[in-house]
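Colleague: One letter stands for each residue in the lines below.
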Amino acid sequence: MMNRLISKPNRLTRRRAINALLLGIALFGIAAVVNRFERALMPSAFVTGIVLWLSLCFLAAFNLRKKLSFLPCLGTSAFWMQAHIYTGLGTFAVFGLHVGWRVPDGGLERVLAALYLCVGGSGIYGLYATRTIPKKLTQLRTEPIFESIPRLRTHIAKEALAIIESQVEHNQVLRALYYRQLRPFFENRRTLAYVIAPSARQARLLVNEIHKQDRYLAVADRDASKKLAQLVRERDDLDYHGAMQGRLKSWLILHVACTYSLLIIATLHGVMAHAFAGGLR
Amino acid sequence: MIHNLGKPATGYYRPNQNWQCGNACHSCHFGPSDKGECQAVAECNPIATETGWKCTRTPLLGGPCDDGPSDSGVCGCAMRHCNPLRSLRWWRGRLTAAVTIATIGALVLLFSRPNANQFLAPGPLSGSHAQVLVDEQRCAACHGAGGTGPLAWIADTLSGGRAIPHSQSDLCIVCHKEKIDSALATNPHNLSFDLLAEMTKKAQSASPNVHVTSGISGQLFNSRTTARDGHAPIACSACHREHHGHDNDLKQLSDRSCQACHRQQFNHFASDHPDFSNWPVARDRSIKFNHNSHAFKHFIEQNKSFDCNSCHQRDPSGDLQLLGTFENTCAECHQPSMMQGSGGWTFFSLPMIDHDAIRGASSAIGEWPAAATGDFDGELPEIMRLLLAADPKAAPALNRLGTNFQFGDVDPDDVQQVRDVTDVLWGIKLLLWDFSVDGKEVVRTRLGALLGNPVSDRELNDLTVGFDQMKFLRARLNWLPDLANEITLKLPNHNSPRRGSQVVHQVVGDRTLVVPESGDVLARPLFQFQDDVLAENPLKKLLGDRSRNPQSAIPLAEQTQLPVVIDGGQTQNAIRIPERIDNRYIDGSVPRQFEFPKSTDDELLAENPLQVFNRNPPRQNQPLGPPASDQTGIDRASEVADPSPQFDSTISSAARIRELEGALVELLRNQRGSWYQDDSTFSISYRHTGHADQYLRSWTEIAVKARHLRVSAADELFRAMTSPTAQGQCFACHSWAGNSAQIHWLPTYRNPAKSQITKFSHAPHIIQPKLNDCQQCHELSGSPAIDGIVAFSDFKVMSKAQCVSCHQPGGAESNCTTCHSYHVHQDIQSYLIETTTPK
Chain F
3 MMNRLISKPN RLTRRRAINA LLLGIALFGI AAVVNRFERA LMPSAFVTGI
53 VLWLSLCFLA AFNLRKKLSF LPCLGTSAFW MQAHIYTGLG TFAVFGLHVG
103 WRVPDGGLER VLAALYLCVG GSGIYGLYAT RTIPKKLTQL RTEPIFESIP
153 RLRTHIAKEA LAIIESQVEH NQVLRALYYR QLRPFFENRR TLAYVIAPSA
203 RQARLLVNEI HKQDRYLAVA DRDASKKLAQ LVRERDDLDY HGAMQGRLKS
253 WLILHVACTY SLLIIATLHG VMAHAFAGGL R
Chain S
155 MIHNLGKPAT GYYRPNQNWQ CGNACHSCHF GPSDKGECQA VAECNPIATE
205 TGWKCTRTPL LGGPCDDGPS DSGVCGCAMR HCNPLRSLRW WRGRLTAAVT
255 IATIGALVLL FSRPNANQFL APGPLSGSHA QVLVDEQRCA ACHGAGGTGP
305 LAWIADTLSG GRAIPHSQSD LCIVCHKEKI DSALATNPHN LSFDLLAEMT
355 KKAQSASPNV HVTSGISGQL FNSRTTARDG HAPIACSACH REHHGHDNDL
405 KQLSDRSCQA CHRQQFNHFA SDHPDFSNWP VARDRSIKFN HNSHAFKHFI
455 EQNKSFDCNS CHQRDPSGDL QLLGTFENTC AECHQPSMMQ GSGGWTFFSL
505 PMIDHDAIRG ASSAIGEWPA AATGDFDGEL PEIMRLLLAA DPKAAPALNR
555 LGTNFQFGDV DPDDVQQVRD VTDVLWGIKL LLWDFSVDGK EVVRTRLGAL
605 LGNPVSDREL NDLTVGFDQM KFLRARLNWL PDLANEITLK LPNHNSPRRG
655 SQVVHQVVGD RTLVVPESGD VLARPLFQFQ DDVLAENPLK KLLGDRSRNP
705 QSAIPLAEQT QLPVVIDGGQ TQNAIRIPER IDNRYIDGSV PRQFEFPKST
755 DDELLAENPL QVFNRNPPRQ NQPLGPPASD QTGIDRASEV ADPSPQFDST
805 ISSAARIREL EGALVELLRN QRGSWYQDDS TFSISYRHTG HADQYLRSWT
855 EIAVKARHLR VSAADELFRA MTSPTAQGQC FACHSWAGNS AQIHWLPTYR
905 NPAKSQITKF SHAPHIIQPK LNDCQQCHEL SGSPAIDGIV AFSDFKVMSK
955 AQCVSCHQPG GAESNCTTCH SYHVHQDIQS YLIETTTPK
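Protein sequences appear in the order of chains F and S.
Each number in our numbering corresponds to the 1-based position in the first sequence with 2 added.
Each number in our numbering corresponds to the 1-based position in the second sequence with 154 added.
Warning: the hint list may mix true and false statements.
Computed footprint of chain F on chain S, listed as stretches where at least three residues anywhere in the stretch have a Cβ under 8 Å from a Cβ of chain F [claimed, not checked]:
id, segment
1, 265–279
2, 301–308
3, 406–413
When the alpha-carbon atoms are kept at most 30 Å apart in a straight line, the in silico DSSO-like pairs for lysine-lysine are as follows [what the hints assert, rightly or not]:
id, chain 1, residue 1, chain 2, residue 2
4, S, K189, F, K68
5, F, K251, F, K160
6, S, K356, S, K331
7, S, K950, S, K405
8, F, K69, S, K331
9, F, K228, F, K214
10, S, K331, S, K913
11, S, K189, F, K251
12, F, K160, F, K69
Rather than coming from a laboratory, the hints here were simulated on the basis of the structure.
Each residue gets a CB set at the ideal place from its N, CA and C atoms; glycine is no exception.
Use the sequences and the hints to build the structure in full.
Modeller: Structure, rendered in structure tokens:
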């Protein structure tokens with residue numbers, strides 16, 4: 003990282019460095035204010051709470067920005083995305099300062115903290131997923147759209163069936179293999195375990211099983227065997243795409259679904275904290 | 155590859171819309187409508203040309219089809235109809251809405267429940283505030299918002315905290331007002347800023363090694379060098395953070411909390427805290443005991459070991475080391491010396507006067523004892539001088555003569571001085587007259603006038619312990635028998651202090667007495683012996699004093715009755731002067747009396763010298779007490795009808811009485827705690843009982859009080875009481891608060907009920923056997939340290955190193971609050987309490 007920064011920083015590296023620097027400065031300023039408040043026996047939680055609430059509002063406004071894309075004065079979506087990412091990262095530090103780096107004691111506060119961690123945690127995962135999964139997917143042989151994957155699965159299953167029914171009509175070995183092992187693979191969806199932790203193990207086993215049958219096949223039928231093995235690989239790639247792209251989309255469901263609840267309870271918490279604040283006023 | 159299979163990989167997908175094509179094999183490029191209706195009809199919309207209908211299928215679908223449109227213009231590639239599906243985005247939106255609605259519903263449900271505060275509270279209360287839980291309005295007990303609703307909360311938030319009246323600190327004081335002054339509750343240390351400034355100034359001057367930056371003069375705090383302005387009020391919640399669970403210690407504060415205000419920043423006690431410059435010796439001590447001289451001289455001379463525990467005892471809590479009583483600790487050595495040379499403290503006396511000088515100054519003094527004439531001589535007793543200062547004629551004369559005036563200093567040739575002396579002499583005669591008529595009330599009247607505030611009954615009793623009015627009456631009649639007529643002639647309008655009425659003349663025998671028109675003592679018939687009086691042995695009191703428990707030596711209700719004969723041979727009346735002897739401390743305890751050695755006078759005392767005059771012999775086991783007539787109004791003489799009177803008329807009563815009276819006076823003169831009249835020196839004196847004598851104590855307090863009130867007439871009394879040769883030598887050991895008239899008669903200790911800024915408890919320290927030796931920490935300085943009236947310790951200043959040996963990282967606690975308290979009481983004097991070690 004340092005070498006990249008020192009030697010020849012590219013645009014992405016420069017952007018990350020600048021954003022991280024700005025975030026660091028902002029956090030340092032907040033920490034300084036908090037420290038000043040704590041030293042003065044003044045409740046710093048109000049400072050961090052207000053900063054946190056405003057940050058949440060800003061982060062939630064990113065969704066509004068996408069709905070108001072026709073307004074040029076709002077800035078580019080990429081800018082908002084960067085601001086969303088770094089502001090969201092910064093809220094973790096502010097949240098830690100706010101709760102004193104401990105588990106809150108109150109019921110409402112715990113719900114609020116849990117919601118924040120859900121939203122923030124899903125955002126962190128989303129940031130990780132969007133930075134790592136596409137790289138893995140581009141290394142595959144196909145790049146299907148997530149919504150087209152079911153249809154492509156159907157298409158592959160039909161292709162496999164066509165091969166069995168047309169080219170190896172008289173080869174009982176391949177037919178038996180297809181109906182015993184390949185057809186469930188092509189026609190069924192993958193298990194939840196595969197969605198959570200995708201693995202090519204099943205595909206490799208099937209391909210090996212297909213290749214084992216080659217000794218019993220005529221030379222002409224071996225071509226069909228190769229096509230079936232290819233379809234198995236393509237189906238596995240497709241399933242991998244489905245699982246990975248599902249990850250890319252599923253974190254956002256949790257991220258967005260909890261956002262508004264977080265804002266509502268955070269607002270309630272802020273109002274109550276001000277109304278019930280101990281102090282001299 | 156899929157696309158290598160000759161099949162299109164994708165159709166026209168609309169992930170951002172609510173509906174997607176439901177075709178399982180191929181997505182049409184039209185897609186569902188916004189309402190979720192399938193819009194697929196044909197792959198193209200043929201257009202009419204001159205040659206017929208032309209296929210317009212998009213190249214994405216393979217371009218124009220081979221068959222082309224029909225003749226009627228219908229696309230030949232009809233599309234399969236589908237049931238559109240909800241998109242993932244739609245489901246996400248619905249989930250978001252559902253979660254949001256569920257959240258709002260849960261909150262509404264929550265607020266509708268009566269015990270919602272348990273969930274809404276930021277945490278359980280600490281055990282110290284558990285009693286709040288029994289209150290229905292739990293939150294309202296500590297929060298002003300607790301008694302309002304959500305709308306008020308919002309209004310309060312939007313208005314910056316002005317919608318809800320009571321602050322939390324106000325509500326804290328509602329319960330804690332007993333310990334914290336509500337007016338000073340939010341001040342630093344609950345002290346006024348003036349007092350803080352004074353303490354800071356004192357701390358700075360006493361601790362030169364504490365580097366305090368120069369700031370606003372007189373302030374402890376400075377916002378420039380600390381995080382907090384010293385004048386800013388501090389909310390209770392600034393340090394006491396609630397809602398952190400039952401086991402949360404509200405009183406546990408971090409060092410950082412202290413350093414929010416204090417200029418000098420300490421990271422750790424062992425490394426940063428300044429060494430003790432005056433702990434624990436800066437405090438004024440009530441008892442000026444010189445440990446060094448006792449340890450290194452007196453105890454060695456007495457061949458005794460200097461053991462701290464022989465005088466100091468641990469209090470039940472173990473916090474304090476209490477000082478033993480005088481009787482248990484000091485009396486053995488100091489009581490005899492205290493009694494030596496105490497021939498009595500002259501209360502009243504007639505000086506020697508020079509009649510020629512007085513006549514030469516064209517003045518007259520009237521009757522004066524012949525034995526007290528010649529040259530001016532004699533001293534003016536301090537108390538008498540003070541009482542004369544209330545005489546309107548004697549006071550200016552005394553002022554002109556000077557505060558340390560003595561009669562021996564009078565120049566007979568100085569006319570003015572002699573005239574002033576004459577005024578003083580008349581004042582003395584008037585004082586004697588008043589004492590003989592009004593008794594101790596004279597003290598009340600004159601002192602009240604001098605001090606500007608009335609003398610209470612208790613004070614009067616203390617100031618006149620054992621006062622014997624009969625002695626003054628007898629002195630008057632013996633020394634100045636014609637005083638009544640002189641007073642009548644010279645001061646016809648003189649009213650005795652207690653009686654506002656005019657006096658009248660009563661001729662008894664060859665004397666003309668002055669008695670009031672109405673009164674309780676002298677209005678009674680004079681010179682009449684009563685049998686029950688004669689039956690009472692006046693010496694029995696002395697005998698009883700020796701035999702009884704010292705603490706009950708002089709019962710409160712006991713009345714002393716002494717027959718006084720003022721007329722030669724005429725034995726008519728007896729005068730009963732009730733004498734109340736109140737020799738108690740303010741707290742009700744009775745000081746122990748010094749026990750005199752037994753003498754062979756017991757037999758003499760047991761014999762009633764007055765029995766010879768008694769016509770009715772005393773009944774056996776007759777209790778002491780006032781005559782029955784005093785209680786029932788019935789003369790006892792009429793009850794006791796003795797047919798055989800024992801009165802021996804053959805004895806010369808006057809001669810016998812004078813003889814016995816002389817013996818009686820001699821005996822009384824040696825009695826402690828009594829008054830005696832000396833006809834040879836024309837004086838009436840009080841002989842104190844030794845330590846804690848109530849009479850000395852009271853007049854000492856008057857001397858200090860008068861000095862505090864700047865009554866110059868009491869200067870001589872003050873000088874006498876504070877001199878090394880003073881009666882009782884009270885100030886040899888006792889001190890008084892310099893800024894008040896309070897004398898420390900008892901040892902003072904820290905008041906555990908009212909915390910100080912610095913606190914210390916011996917209890918956890920003396921657990922170690924090694925520290926049972928007090929000198930492990932309290933090392934004697936080795937040199938005397940008595941400094942005038944205010945005494946300072948004669949111990950070496952303790953070093954911080956003594957504490958650091960245990961109070962260090964990894965050892966005992968060394969937080970600021972280990973040794974310092976935040977909440978202290980405004981009344982600094984209340985830090986100290988006076989008490990004695992339980993006997």
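Colleague: Please go over all the hints and tell whether each is borne out by the structure.
Modeller: Results of checking the hints against the structure:
1. Residues of the segment 265–279 of chain S lying with their CB closer than 8 Å to a CB of chain F number 7, which satisfies the three-residue condition for coverage.
2. Check result for the segment 301–308 of chain S against chain F: holds, 5 residues qualifying (beta carbon to beta carbon below 8 Å, three or more required).
3. Counting residues of the segment 406–413 of chain S whose CB lies closer than 8 Å to any CB of chain F gives 3, which reaches the minimum of 3, so the coverage claim holds.
4. Between S/K189 and F/K68 the alpha-carbon distance is near 23 Å, which keeps this suggested pair within the 30 Å criterion.
5. Only pairs whose Cα atoms come within 30 Å are accepted, and F/K251 paired with F/K160 is accepted, the gap being roughly 28 Å.
6. Restraint check: the Cα-Cα separation between S/K356 and S/K331 comes to about 29 Å, which is no more than 30 Å; the hinted pair holds.
7. With a C-alpha separation of about 34 Å, the suggested pair S/K950 and S/K405 falls outside the 30 Å cut-off, and the hint is violated.
8. Between F/K69 and S/K331, the direct Cα distance comes to roughly 59 Å. Violation of the 30 Å bound is thereby established for this hinted pair.
9. A C-alpha spacing of about 12 Å is found between F/K228 and F/K214, which places the hinted pair at or below 30 Å, so the restraint holds.
10. At most 30 Å may separate the alpha-carbon atoms for a hinted pair to count; S/K331 and S/K913 meet this at roughly 22 Å.
11. Using a Cα cut-off of 30 Å, the hinted pair S/K189 and F/K251 holds, with the two alpha carbons roughly 24 Å apart.
12. For a cut-off of 30 Å, the pair hint linking F/K160 to F/K69 is broken: about 40 Å separates their Cα positions.
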